Every structure is written in C-alpha cells, then in structure tokens.
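Asks: This is what each chain is made of:
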Amino acid sequence: MRTLRRLPLNLAALAVLAVAVFPVYWMVLTAFKPAVEIQAETPTFLPLHPTLEHFRTAVGSAGFAGFWRNSLLVTVGAVLLALLVALPAVFAVGRLRWRGRRAFVLLVFTAQMAPWEALLIPMYVIARDTGLLDSLTMLTLVYFMTTLPFTIVTLRGFLATVPAELEEAAQVDGCTRPAAFRRVTLPLLAPGLLATSLFGFITAWNEFAFANTLIIKNQDARTLPVWLSSFGNVFGTDWGATMAAASLFMLPVLLVFLVLQNNVTTGMTAGAVKG
Amino acid sequence: MTATRARLGALLPYLLVAPTLLGAAYLLLYPVLRNLLMSVQHFRMAQLIRGNPEFVGLRNYTELLGDPEFWTVVRRTLGWTALNTALITVLGTLVALLLVRLGRWLRLAVLSALVLTWATPVIAATTVFQWLFQSRYGVVNWLLDQLGLHGFREYAWFAHGGPTFAVLVALVVWQSVPFAALTLYGGLTTVPAELYESARLDGAGRWQTFRLVTFPLLRPLFALVTSLEVIWTFKCFAQIWVVSQGGPSGATTTLPVYAFQVAQSLHKYDVGSAASTLTVLILLGALLVNLRRMFRQEREEQS
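Note that the protein sequences, when read in sequence, are chains A and S. Residue numbering for the first sequence follows the working numbering, beginning at 6 and increasing consecutively. Residue numbering for the second sequence follows the working numbering, beginning at 55 and increasing consecutively.
Because the hints were derived from the structure by calculation, they are not lab data. Every value quoted in this text rests on a predicted model; they were computed, and no experiment measured them. Idealized CB from N, CA, C, for every residue including glycine. Hints may contain errors.
As the list claims (entries may be wrong) - Per the computed footprint, the stretches of chain S lying under chain A, defined by three or more beta-carbons under 8 Å from a beta-carbon of chain A, are:
#, region
1, 120 to 131
2, 183 to 189
3, 209 to 222
4, 300 to 314
5, 317 to 324
6, 327 to 341
Said to hold, decoys possible - Chain A is faced by these chain S residues, among others (derived, beta-carbon under 8 Å):
#, residue
7, Ala78
8, Met92
9, Val94
10, Ala178
11, Trp196
12, Leu198
13, Trp228
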C-alpha cells in the first residue's frame with residue numbers, strides 16, 4: 006500500500022533523473038561509439054562497441070595542446086592573482102577596524118553584481134588601445150576581475166569562522182598582527198582557499214563571451230570554450246570527435262566538483278545567498 | 055619610532071585593499087565609464103583605428119530608440135527572460151518539493167544528477183544540445199518520430215526561428231533548474247516538520263500547505279532564486295551566440311546579442327555601447343533588488 010502510494014513520486018524522480026543525466030550520458034556515449042553507430046537510423050543506447058577513435062581525432066586536431074595550455078594559463082593565472090589580491094583585502098575587512106570598511110564591502114558586493122556581458126564592447130576597445138588584443142594577458146586580467154569580488158566575499162565568510170582570539174594569542178607571544186594572520190589563520194583558511202579557488206577555476210575555465218571577443222586574429226591564443234564552440238569548422242559533422250572534445254573539456258570541471266563533493270551544494274548556495 | 059609605526063598601522067588597511075581598488079578601477083570602473091563615453095560619441099571603425107571620436111550627445115540613443123528593430127529585440131528579450139524564469143522557478147520548486155519527499159537512495163541519486171547537470175560547462179552543454187537536436191541523427195527527432203510525431207523525422211530545428219528559440223529555452227532551463235532546485239531544497243529542509251503537521255491537522259491540502267506554510271516561510275529564498283534567474287537569463291549570451299548567433303534571420307537576437315552584433319559585425323561601437331547601457335538600465339530593477347538584499351544582510355550581520 007505504502008509503496009503503491011509512493012509510486013507516482015518515485016516515477017517522477019526517475020523522470021527528473023533521466024532528463025538531468027541523459028544529455029551528459031549521450032555526450033560520453035557518442036564519444037565512445039564507432040562512427041557507424043553514430044550515423045545510424047536507429048540510435049543505440051549502450052556502448053556496444055566502444056572505441057577511442059574519436060578521442061584520438063580530438064587530441065590529434067590542430068592546436069589541441071595549445072588550447073589546453075591557454076585555458077590552463079589563463080584560468081590558473083586569474084585564480085592565483087585573485088587570491089593574492091583578495092587575501093590582504095579580506096584580512097583588512099575581517100580583522101582590522103578602519104574608516105571606509107563598510108563602503109569597501111558594499112563596493113565589493115556591487116562589483117559582484119556587475120553585468121559583465123554589457124562590458125564586452127569597451128573591453129574590446131580598451132584591449133585594442135593598449136595592444137592587448139589577441140593576448141592571454143588581457144583575458145587573464147578580465148577573469149581575475151570577474152572572480153575577485155566573489156573570492157573576497159567567500160573568503161570573508163570563511164575567515165569569520167576562524168576566531169580572532171587565535172591571532173591575539175600569537176601576538177601575545179610576540180608575533181606582529183600580519184605575521185599572526187599568516188602563521189595562525191592562513192593555515193586554518195586552507196579549505197576555504199581551496200574551495201574558493203576551485204569555484205574561481207570553474208568560472209574562468211567555462212568563460213566564453215570575453216574569450217570570443219578579445220581573441221580574434223591570433224587563433225593560436227584561443228581558449229578551449231571558443232575552440233569547442235567552433236567545432237563545426239574543426240570537425241565538420243564529426244559528432245563523435247565533437248563529443249569527445251566536449252567530454253575532455255568537461256573532465257577537469259567534474260574533477261573539481263568531486264574534490265569539493267559535500268562543500269559543493271552548501272558552498273555554492275552559500276556564495277549565492279551571500280550575493 | 056612608535057609614532058611612525060602607529061601611522062603605518064593606521065595606513066595598513068588602506069594599503070591592503072589598494073590592489074583590489076586598483077583592479078576594480080582599471081578593469082571595472084574604467085570599462086563602465088568608457089562604455090558610457092562611447093555611447094555619446096561617434097565611434098566607428100575609423101575612430102577605432104585613428105581615435106579622435108566626436109561628441110554627438112544622445113544621438114546614438116535616439117537612433118536606437120527610434121529603430122523598430124530595437125523594440126522588437128527588447129520585447130523578445132523580456133519574453134525570453136519571463137519564459138525562462140517562469141519555467142526554471144516552477145520546475146525548480148517542483149523538483150525541490152519532490153526531493154524532500156523521496157527516500158534516501160533515490161534522493162541521493164537525484165541530487166547527484168542535479169549536481170552533474172550543474173557541473174556541465176555551458177559550452178559543453180550547448181554542443182551536446184546541438185547534437186541532441188541534430189536533424190538527421192539527432193536522438194530527439196528519433197524519439198519524437200517513435201512517439202508517433204512523424205513530422206519531426208529529419209526536422210531541422212535550427213532552420214526556423216521558433217524551434218531554435220525552443221531549443222535555446224530547453225538548454226537554458228536544463229542548465230538552470232539544478233541551482234534553483236538545490237537552493238530551494240536547502241531551504242525546504244529548514245522548515246520545521248511541526249508546521250506541516252499542524253497544517254495537516256487543520257485539514258490543509260497539499261496546495262494549501264504550500265501556499266500558506268511553505269511559500270511564506272521561504273519567500274526570501276524564492277525572491278533570491280527568481281531575481282538571480284532573471285539576471286542570468288536576461289544577460290545570457292554564450293548559448294545563443296554559439297547555437298544561432300541570434301539567427302535564423304534575427305529570430306533569437308536578445309539585447310546582449312544585439313549589442314554585440316551592432317558593435318562587432320557592423321562596427322557601430324557607439325550604438326552598441328548605447329544598447330549595452332540600455333541593457334543594464336533595463337536590468338537595474340532586478341540588480342537593485344539583489345543589492346538591497348545583500349546590503350540588508352550585511353547590516354544584520356554587523357549588528
């Protein structure tokens with residue numbers, strides 16, 4: 006009786022499950038299917054004859070290693086820069102009392118809501134004026150700025166969970182304030198630093214609009230999302246190779262989510278509730 | 055010695071936030087101002103190369119506002135935003151309500167699936183949807199054909215405006231429901247069970263319980279999710295640009311796509327900037343709601 010009553014509920018759950026998973030499943034499945042099965046009148050839903058042929062095509066396509074290198078450089082550069090700039094600011098906001106502190110926090114909130122897509126045109130013009138068009142430097146700077154407000158807000162939340170008394174104790178033992186912060190609080194912030202930089206990593210890794218606008222002539226300087234979006238030019242109608250490339254592109258993000266596991270939902274929603 | 059030290063101590067906070075302020079000044083404030091400036095200049099290809107743009111007042115804005123195409127785009131953008139936000143919020147709520155009622159294993163499975171969807175990069179999802187809806191070998195057409203809708207056999211989704219629009223909505227909704235559902239689910243788990251119990255004892259049905267107990271309690275969370283979805287779908291660019299570049303024949307051009315096209319394809323950087331400014335102005339309502347919420351939260355935490 007009870008199971009019968011729960012049946013519609015469980016069926017709905019299975020439907021949600023199917024809709025949520027199917028596109029990703031289909032991507033990976035297509036990547037492993039031989040070409041004959043991809044171009045079949047009746048599709049097959051299981052990997053009956055898995056092949057690595059499409060992954061070989063994707064990895065062997067022109068410039069593949071370069072696009073990975075570009076994406077990694079830009080993403081890691083932006084995340085490290087954001088951490089480097091955010092940490093002192095977070096210390097000032099969370100541990101020191103000074104005039105203008107509140108105004109600074111509000112400024113960071115406002116920056117976090119910045120509609121970046123509306124700044125594509127001035128960014129393009131500025132990059133052109135300063136000779137940074139088609140260079141990874143400008144892209145790194147843009148990603149640094151898009152992740153910085155989020156990094157400050159989230160790290161500040163993590164810092165609030167570390168009692169300031171710990172630093173004060175270290176000061177009694179003869180440390181200066183910044184040294185106490187560096188030696189005592191920073192190690193305790195490590196999980197927060199990891200989570201924050203991984204979220205920043207995802208944002209920058211996936212970014213398309215600026216990468217598509219700021220890198221135009223120098224095709225070798227493109228990042229993975231732009232390269233993947235132009236699969237039609239790269240692979241023609243080779244859907245197997247396209248899906249293999251998409252799967253490879255998604256892999257680092259998936260790994261990051263696995264690392265974050267439990268933090269992922271709480272951390273991300275907390276970040277969103279915070280702004 | 056101590057005096058200089060004290061002065062240094064007083065300066066320290068400002069030195070610490072200086073890099074953030076410098077970054078924001080050059081990479082955020084300057085582009086915003088530059089955008090405003092360009093929108094009141096004559097700034098085309100020639101000015102991009104040679105400089106010396108001429109001040110033209112509000113001419114770019116009047117050109118835009120007098121263009122019927124601009125208004126079509128504005129209406130389309132509002133429709134796009136309303137449709138997506140409504141679908142995301144309703145489906146997100148339903149999934150969240152479903153999640154709290156599920157058994158442990160099935161709930162874990164659905165939660166994992168939602169996180170997987172959420173983790174899918176925008177461009178990866180976009181390419182996959184293009185493949186799902188491919189005319190000849192796309193699995194969607196095959197499925198619809200199997201279900202008896204033979205009209206969809208080798209149907210070319212991306213050849214017409216309406217169908218392209220529909221695929222884009224499906225893509226954005228698929229990508230956005232997990233965030234809404236997970237956030238609302240998080241909120242639902244905080245509602246005390248006694249409240250549901252007393253509502254049930256008072257004879258409230260499911261819909262009444264939701265309307266009178268759940269919704270009022272989670273109103274701030276609903277407001278958060280809805281306003282964020284409005285912002286995200288309104289300024290959505292990548293998916294549309296990759297799938298259709300605003301086509302076919304302009305049928306999926308929303309404001310951000312329009313501004314970009316005007317600037318990059320027509321080299322009217324001035325009119326594009328004006329369109330971007332208007333985009334932000336239209337969005338300002340939703341943005342301010344969010345900012346106010348953050349500011350209020352900040353005040354509460356301080357006190």
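Asks: Taking the earlier hints as the rules, which of them does this structure contradict?
Replies: Violated hints: 1, 3, 9, 12; rest satisfied.
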